[in-house]
Amino acid sequence: MRPTPASFTSRLRSPAVAARVGVWLGICFGTCFLTGLVSHYAQLPTHPVPFPTSPSWGYRLTQGLHVVTGTAAVPLLLVKLWSVLPRLFESLPPLGDPRRLVLTALERGSIAVLVSAAVFQLATGLANSSQWYPWSTFSFRAVHYAVAWVAIGALLVHIAVKLPVIRDVLTSDIDDTAHDRPSATVRGPLSRRALVRTTFAAAGVAVLATAGGTVPWLRRVSVFAVRTGDGPGGVPINKSALAAGVEDTATSPDWRLEVVVDGAVLRTLSYDDLRAMPQHVESLPIACVEGWSAQGTWSGVRMGDLLDGVTGADVQVTSLQPSGPYRRTTLPANFADDRRTLIALDLAGEPLSLDHGYPCRLIAPNRPGVLQTKWVTRLEVST
Amino acid sequence: MRARGGLVVVGALLMAYGGWLLLSRQDPGQWLEVLVWLAAAIVAHDVVLSGLLIGVCLLGSRLLPSPWRAPATIALVVWGGLTVAAIPVLTRLGARADNPTLLDRPYVATWCVLSIIVALAVLAAGRVRARARADDPV
Numbered sequence: 001m002r003p004t005p006a007s008f009t010s011r012l013r014s015p016a017v018a019a020r021v022g023v024w025l026g027i028c029f030g031t032c033f034l035t036g037l038v039s040h041y042a043q044l045p046t047h048p049v050p051f052p053t054s055p056s057w058g059y060r061l062t063q064g065l066h067v068v069t070g071t072a073a074v075p076l077l078l079v080k081l082w083s084v085l086p087r088l089f090e091s092l093p094p095l096g097d098p099r100r101l102v103l104t105a106l107e108r109g110s111i112a113v114l115v116s117a118a119v120f121q122l123a124t125g126l127a128n129s130s131q132w133y134p135w136s137t138f139s140f141r142a143v144h145y146a147v148a149w150v151a152i153g154a155l156l157v158h159i160a161v162k163l164p165v166i167r168d169v170l171t172s173d174i175d176d177t178a179h180d181r182p183s184a185t186v187r188g189p190l191s192r193r194a195l196v197r198t199t200f201a202a203a204g205v206a207v208l209a210t211a212g213g214t215v216p217w218l219r220r221v222s223v224f225a226v227r228t229g230d231g232p233g234g235v236p237i238n239k240s241a242l243a244a245g246v247e248d249t250a251t252s253p254d255w256r257l258e259v260v261v262d263g264a265v266l267r268t269l270s271y272d273d274l275r276a277m278p279q280h281v282e283s284l285p286i287a288c289v290e291g292w293s294a295q296g297t298w299s300g301v302r303m304g305d306l307l308d309g310v311t312g313a314d315v316q317v318t319s320l321q322p323s324g325p326y327r328r329t330t331l332p333a334n335f336a337d338d339r340r341t342l343i344a345l346d347l348a349g350e351p352l353s354l355d356h357g358y359p360c361r362l363i364a365p366n367r368p369g370v371l372q373t374k375w376v377t378r379l380e381v382s383t
Numbered sequence: 001m002r003a004r005g006g007l008v009v010v011g012a013l014l015m016a017y018g019g020w021l022l023l024s025r026q027d028p029g030q031w032l033e034v035l036v037w038l039a040a041a042i043v044a045h046d047v048v049l050s051g052l053l054i055g056v057c058l059l060g061s062r063l064l065p066s067p068w069r070a071p072a073t074i075a076l077v078v079w080g081g082l083t084v085a086a087i088p089v090l091t092r093l094g095a096r097a098d099n100p101t102l103l104d105r106p107y108v109a110t111w112c113v114l115s116i117i118v119a120l121a122v123l124a125a126g127r128v129r130a131r132a133r134a135d136d137p138v
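Going down the list, the protein sequences come from chains C and H.
For the first sequence, the positions run 1 to 383 when full-length UniProt numbering is used.
For the second sequence, the positions run 1 to 138 when full-length UniProt numbering is used.
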């Protein structure tokens, strides 16, 4: 027997519930979209409008928000879709009415795109936050970005189509039945108000249970956070030296840091040479796209001191990693010129651990963690 | 009305831009896997999860005496929502032997203990409600 909308009799499956949960779902998706744009912009090698270096915790905040609102969206989306499920079983208009047929196909097609894109974004985003990549061919970063535009576009179309209903149900009492399906007459185990409150509570619980990876005082309650936040120097690790394939080259006595200006080697520094230069201490966060972040006390040599007064130029930073998209990164000029930007040798008063980038790593304010290049071996500028 | 039309146009343009990004930044082999994932997202929700929920609600309405239904529903929404969000950490499929700072909590054990606590809380809340009803017949 094929179900029809009339098979669903609960009064809870109603536009009144869907719109109230939907408002917060929309806020979460909007926040995810905007903070995602910030993250993608920050990761561009060159910025048409310079990405600011202050506040140093800016990216920590936006990317933390990105993952927190994405997590909160999971229970909100599940209840939102549950409340409108009967619509999935509505019959199509008669074949003799092509205009209605086309309109219905467009509306239901846009809903299919919205549901698909929304579930896809939350599933791939959560998987990425735990460094789990169950897909084999596509690039997470490129596809999560592209589908974000599809999802936000489909959401705008959906809001536009439903606006009269949304306005009506939000301005009338939650138990008003004007927009209910005729079959939605059976009282649920909860009132509508209680279901909406429970859904918000579920979103809050999901946030508390996972946000400890970026909000230190939540660590003890965040039992489902991807990371406890522990690690060498109080900072977790994203990619180990073993995974990067640098264990031998990073610990070799032959390691040198080369500084190249306009194609000519300006200086070649050993680890001891770096230690002999003036050391500066900065408290800066590491904030990763996966949503975790941690404040560290770093010390090392100022980028400006290594470049010998060259300012206003982008710096190409090369790592010992033999391959990978982040082997060579561009440090934009405004970051290179910032006095807080270091080639760090120590974290929390101890020499960097191998997994944190020994012998030396880049640490700059307000920058995605993936661009805080570890195991640095070469700095290049063109004036 | 005009504002709604404008919103539809803007939304359609954003969707088209996303589609163009997909087509231009991935090659045909990758498109196919993205499409499979997008279709799987609909099946996972509209068929698997929704079917499961309809079954659970049907069972609950048949088996659970009425005082227990409200607490069970609250537990289903809160605990079920959290469990879905926690799938990546519960399965630990992203764990790596060379990185002990990743997925470094006893997720499954915590989930089991908390599930028992949630179940006991539902039982207790139902009993309180059943007693209150027995004391105060309407």
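Treat the hints as calculated values from the structure; they're not laboratory data.
There's no promise every hint is true.
Derived Cβ-Cβ restraints for the label pairs, each shown as a range [what the hints assert, rightly or not]:
no.: 1; chain 1: H; residue 1: T91; chain 2: C; residue 2: T311; range: 47 to 57 Å
no.: 2; chain 1: H; residue 1: T91; chain 2: C; residue 2: G204; range: 20 to 30 Å
no.: 3; chain 1: C; residue 1: T104; chain 2: H; residue 2: L13; range: 15 to 25 Å
no.: 4; chain 1: H; residue 1: A124; chain 2: C; residue 2: P45; range: 54 to 64 Å
Examples of chain C residues lying across from chain H (beta carbon under 10 Å, computed) [what the hints assert, rightly or not]:
no.: 5; residue: S136
no.: 6; residue: V147
no.: 7; residue: A148
no.: 8; residue: Y271
no.: 9; residue: L274
no.: 10; residue: M277
no.: 11; residue: P278
no.: 12; residue: V281
Built from N, CA and C at the ideal position, the CB exists for glycine as well.
*Looking back at the hints listed earlier, which ones does the structure fail to meet?*
Result: hints 8, 9, 10, 11, 12 break, sorted rising.
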